[in-house]
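Peer 1: One letter stands for each residue in the lines below.
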Amino acid sequence: NAGVTQTPKFRILKIGQSMTLQCTQDMNHNYMYWYRQDPGMGLKLIYYSVGAGITDKGEVPNGYNVSRSTTEDFPLRLELAAPSQTSVYFCASSWTGGYGYTFGSGTRLTVV
Amino acid sequence: DQQVKQNSPSLSVQEGRISILNCDYTNSMFDYFLWYKKYPAEGPTFLISISSIKDKNEDGRFTVFLNKSAKHLSLHIVPSQPGDSAVYFCAASASSGAGSYQLTFGKGTKLSVIP
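Chain order of the listed sequences is A and B. So the first sequence is numbered by our numbering: it starts at 1 and just counts up by one. So the second sequence is numbered by our numbering: it starts at 1001 and just counts up by one.
Where hints are given, some of them may not hold.
Said to hold, decoys possible - Coverage of chain B stretches by chain A, computed from C-beta distances (three or more under 8 Å per stretch; other residues unrestricted):
(1) 1042 to 1051
(2) 1105 to 1113
Stated by the list, open to error - For the chain B half of the interface with chain A, some residues (derived, Cβ under 8 Å), not all of them:
(3) Tyr1032
(4) Phe1089
(5) Gln1102
In case anyone wonders, no lab produced these hints; they're calculated from the structure. Glycine is no exception: its CB is placed at the ideal position from the N, C-alpha and C atoms.
Generate coordinates for the entire structure from the input sequences, incorporating the hints supplied.
Peer 2: And the structure:
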């Protein structure tokens, strides 16, 4: 099993550019999450989804958008990249909320 | 306001000795606690968990202790091995209330096991 796959692994964006971080899971998990990790900080929840067609904001949603059209995919969209969005982004999934997340390997994003 | 706190950014331990990583929480609604381990350039991986109905859970070299009255949990690794060198995140979730079924993470503790 591939588990949770994130692409790309690295990306450099210019201020104002947009991009989509891709996340796919093959475990048929209902719950999916996007976290960001800044240096020396814990993981902060950006958005989450409890099933296809249902998304909700986490702790730090500003500047991001998500969609969940299928169970497998949960892309994260940055519309107008800002330096404050320089971070490592992790996607995760789980059978039920709050337990046993499986994480992807992360996307390291730098906005210059 | 940090709801899950790991006050030690780093910890160094000799190989073969015990490693104790600490975590405090403030939200009394939390009823499930987890530890994740993270190597550089990888995503966090689940290590061990404990429900609030227990005060101890053991899995091989890893034991998690929960003190609900003190809102404190700790992870014990015995004996510590060089391969245990990683960042350890404490996480908590609540089964009801605002933000339920989401994991809240601490900032992490970087463990270095010295051969």
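Peer 1: Against each hint, give a clear statement of whether it holds in the structure.
Peer 2: Hint check results:
no.	hint	in the structure
1	1042 to 1051	holds (count 6)
2	1105 to 1113	holds (count 4)
3	Tyr1032	holds, 6 Å
4	Phe1089	holds, 6 Å
5	Gln1102	holds, 6 Å
Every hint from the earlier list agrees with this structure, and none is contradicted.
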